[in-house]
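A.B. asks: Residue strings, one per chain:
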Amino acid sequence: MRRWPVVLGLAVAAAGVGFWLLTRPATLSPAHQQALATHAADPARGETVFWAAGCAGCHAAPGIAFNAPLEERLALSGGRRFETGFGTFVAPNISTDTDAGIGGWTLEEFARAVMLGVSPTGAHYYPAFPYRAYAGATPGDVADLWAFWQRLPADATPSRAHDLPAPLNLRRGLGLWKRLAQGVAPPAAPDDPVVARGHYLVETMAHCAECHTPRDALGRLDSTRWMAGAPNPSGEGRIPAIPPQGWSAEDIEAYLSSGFTPEFDVVGGSMADVVVQMAQLPAEDRAAVAAWLLTLPGRD
Amino acid sequence: MFEFKRMTATALALALALPLALPQAALADEAAIGARKAQFQLFAFNLGVLGSMAQGRVEYDAEAAQRAADHLFNLTRFYNPALWPEGSDNASAENTRALPAIWENLEDFTQRYGALQTGAEAMQAAAGTDLASLQGALGALGGACGACHDNYRAPAP
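Protein chains in written order, with numbering that gives the first Met the number 0: chain Z, 0 to 299; chain H, 0 to 156.
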């Protein structure tokens, strides 16, 4: 009879150890660390990565107009709010400020954050930060991006806390979510080099699926309905399926460089921020994006 | 006693009038929403003439470009607050993507509409000159459209 408390205690302890093991934050592999360290980083190439990856789309200050000077989008002060079914996320300051931002980080810490969703102190980031997409980035691109980052201004605006209900406010549990989301993946990359570049830009860099693909109850993207359109996570309306019905490669390229739809409506909402950033890419990159998108079924 | 009667009468009159007044207000909003949408469709139609040339889908035609730019100029002169009555946002009315934020930031909204007018004015001066001038003016014009769409228009349903 007296053995039961002991058994119960052991079971609880075992569950705790199991949880701890299952939720351990990942680290970069030695090969990855070496690839980062030996890459001859090029800030000019990093600028292309910066616009392709859409960093400013979430981390620039709120309320920047579509036609505002581009420099406004380089101050990554954070503060944009994303109201979702799980709670409200607030984009943090990731400017080069050493206190308020990430100016004190090393390249390795930056790469671990971007590709594994783990902070320098070993805390999991919420997947509002699209590290699952960025996980496919080449080490060279991440190193180039970090080289470009060093040219960005520092901003002292303090980051604000997310507003999430328990138990979602316990970051450790995100380790479990990361495991559960492991099977989620975009359609495989094609062989054709141009379409493959488009795949990399769309699926890894621009993380289009984060909004254009519906999610399940656990917040995981639905691999079977990739880019099929989804409810707007932060309000009314729907995020449309892509590519939109009837759009040609020319239509997609024109939209991503100017914001004009084939009917000469003009982009709005959060997509306006995406277009501003995609417009900074070389034209052949937008052509590659169109080439990949047009391989998708593009409907609900 | 007299006061009480008058209040009762007022309340009664209001109670009777309300069901009549509400649908009428909704109808007026519906008409305003339809009218402003028509105005914006005319923007898009003329923008389409200019944009198709700028994108090289249609050959540049100075006369047609100038005509479209003139129309756009005249259409954008027309900012009628009566087309934007309070309560005609997408939270209160059907068939509109206009966000309540418009009425919360009416000054900013009007200012951004002013940028559209400026853009249309620059286009009017450029469209008939040559293709390069038209292309140069289109960026600012599209930017002015987007500057309102990013904060004041909901995604399509």
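Because the hints were derived from the structure by calculation, they are not lab data. Remember, it's a predicted structure, so these values are computed and weren't measured experimentally. It is possible that some hints are incorrect.
Keeping only pairs whose Cα atoms sit at most 20 Å apart, straight-line, the calculated SDA-like set for lysine to any residue is [to be verified]:
(1) Lys36/H to Ala124/H
(2) Lys36/H to Val194/Z
(3) Lys36/H to Pro261/Z
(4) Lys36/H to Thr260/Z
(5) Lys36/H to Pro156/H
(6) Lys36/H to His70/H
(7) Lys36/H to Gln116/H
(8) Lys36/H to Leu74/H
(9) Lys36/H to Ala81/H
(10) Lys36/H to Gln65/H
(11) Lys36/H to Gly236/Z
(12) Lys36/H to Asn79/H
(13) Lys36/H to Arg23/Z
(14) Lys36/H to Leu130/H
(15) Lys36/H to Pro84/H
A.B. asks: Hints numbered earlier in the text: which of these fail when held up against the supplied structure?
C.D. replies: 1, 2, 10, 13, 14
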